[in-house]
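Keeping their order, the protein sequence lines are chains A and B. Here this note's numbering is used: the first residue of the first sequence is 1, the next is one more, and so on. Here this note's numbering is used: the first residue of the second sequence is 156, the next is one more, and so on.
Keep in mind the hints are simulated off the structure, nothing from the lab. Take the hints with a grain of salt, since some may be wrong.
[As the list claims (entries may be wrong)] Below, a sample of chain B positions facing chain A; criterion: calculated Cβ distance under 10 angstroms:
{"#": "1", "residue": "G189"}
{"#": "2", "residue": "L193"}
{"#": "3", "residue": "L196"}
{"#": "4", "residue": "D197"}
{"#": "5", "residue": "V199"}
{"#": "6", "residue": "F200"}
{"#": "7", "residue": "D203"}
{"#": "8", "residue": "N209"}
{"#": "9", "residue": "F212"}
{"#": "10", "residue": "E213"}
{"#": "11", "residue": "D214"}
{"#": "12", "residue": "M216"}
All C-beta atoms, glycine included, are put in the ideal place defined by N, C-alpha and C.
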Amino acid sequence: MLLEYFSMIDRIGVLDAPGGHVEAESVVPDASPVFEGHFPGHPLVPGVLLIETMAQASGYLVLARLNFSRMPFLAQVNEAKLRSFTTPGAKLTITADLLGDGQGYARTRASITSDGKKLADAELTFRVMDFPAEELRAQMLQRARAIGMPVLGSG
Amino acid sequence: MPVEFDRVADIIAETASIPRDTITPESHVIDDLGIDSLDFLDIVFALDKEYGINIPFEDWMQKVNAGDAQASDYFIMKELVAKIDGLVQAKAG
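With these hints in hand, go ahead and build the complete structure from the sequences.
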């Protein structure tokens with residue numbers, strides 16, 4: 001997990017694309033420039049980055065279902081709850097389940113737990129669009145391979 | 156069983172937080188009801204779930220943007236209900 005690069009997912013552990021389920025893992029780094037401001041003497045992962053983490057796990061699920069043919073962009077966050085502080089060194093399990101998808105959209109319910117304790121959850125909606133640049137698609141495929149996605153599209 | 160205007164209107168009212176009595180068969184979803192594309196995604200999600208269909212929202216928008224169709228062909232309530240009914244009937248075979 002590299003907060004300053006928005007690289008939120010370390011590893012995909014379980015991916016059931018047809019069934020609409022993904023489980024990912026990440027470890028919050030011990031140090032990050034983010035913690036210099038958030039907060040001095042009391043480092044916490046910002047809530048918006050926890051939402052981003054859930055969005056990325058959901059995004060990989062949507063990408064897998066579409067075989068990396070289109071890109072999900074976070075469009076809506078509903079019922080987000082940040083239930084507890086997320087601190088350096090925390091081992092996170094991120095889970096997302098597809099609530100539905102159709103032409104041009106996907107919706108998931110996602111959560112983050114650590115040591116069996118729920119830290120955050122939200123319902124996320126994505127606009128699913130053609131990749132605006134081939135470079136982005138290539139980058140997403142490269143990143144997906146790096147985090148061990150068991151199902152990858154061509155390219 | 157045909158898709159009923161009242162049911163679609165109820166779903167739109169609830170999903171987009173619009174007073175139900177402002178929605179008529181002649182209402183334009185965008186111009187009259189003030190629903191933007193993100194709100195419409197919520198509505199599409201709800202209608203897809205309700206009727207077990209896949210509303211081709213992107214195809215509609217592409218046709219409108221390309222000048223191949225008028226927005227009113229899809230976004231006047233009575234037309235929208237008819238389109239949904241067509242999708243439901245097609246699914247039923």
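Status of the hints after comparison with the structure:
no. : hint : verdict
1   : G189 : violated (17 angstroms)
2   : L193 : holds (6 angstroms)
3   : L196 : holds (5 angstroms)
4   : D197 : holds (7 angstroms)
5   : V199 : holds (6 angstroms)
6   : F200 : holds (6 angstroms)
7   : D203 : holds (5 angstroms)
8   : N209 : holds (5 angstroms)
9   : F212 : holds (5 angstroms)
10  : E213 : holds (4 angstroms)
11  : D214 : holds (7 angstroms)
12  : M216 : holds (8 angstroms)
In summary, the one numbered hint that this structure violates is 1.
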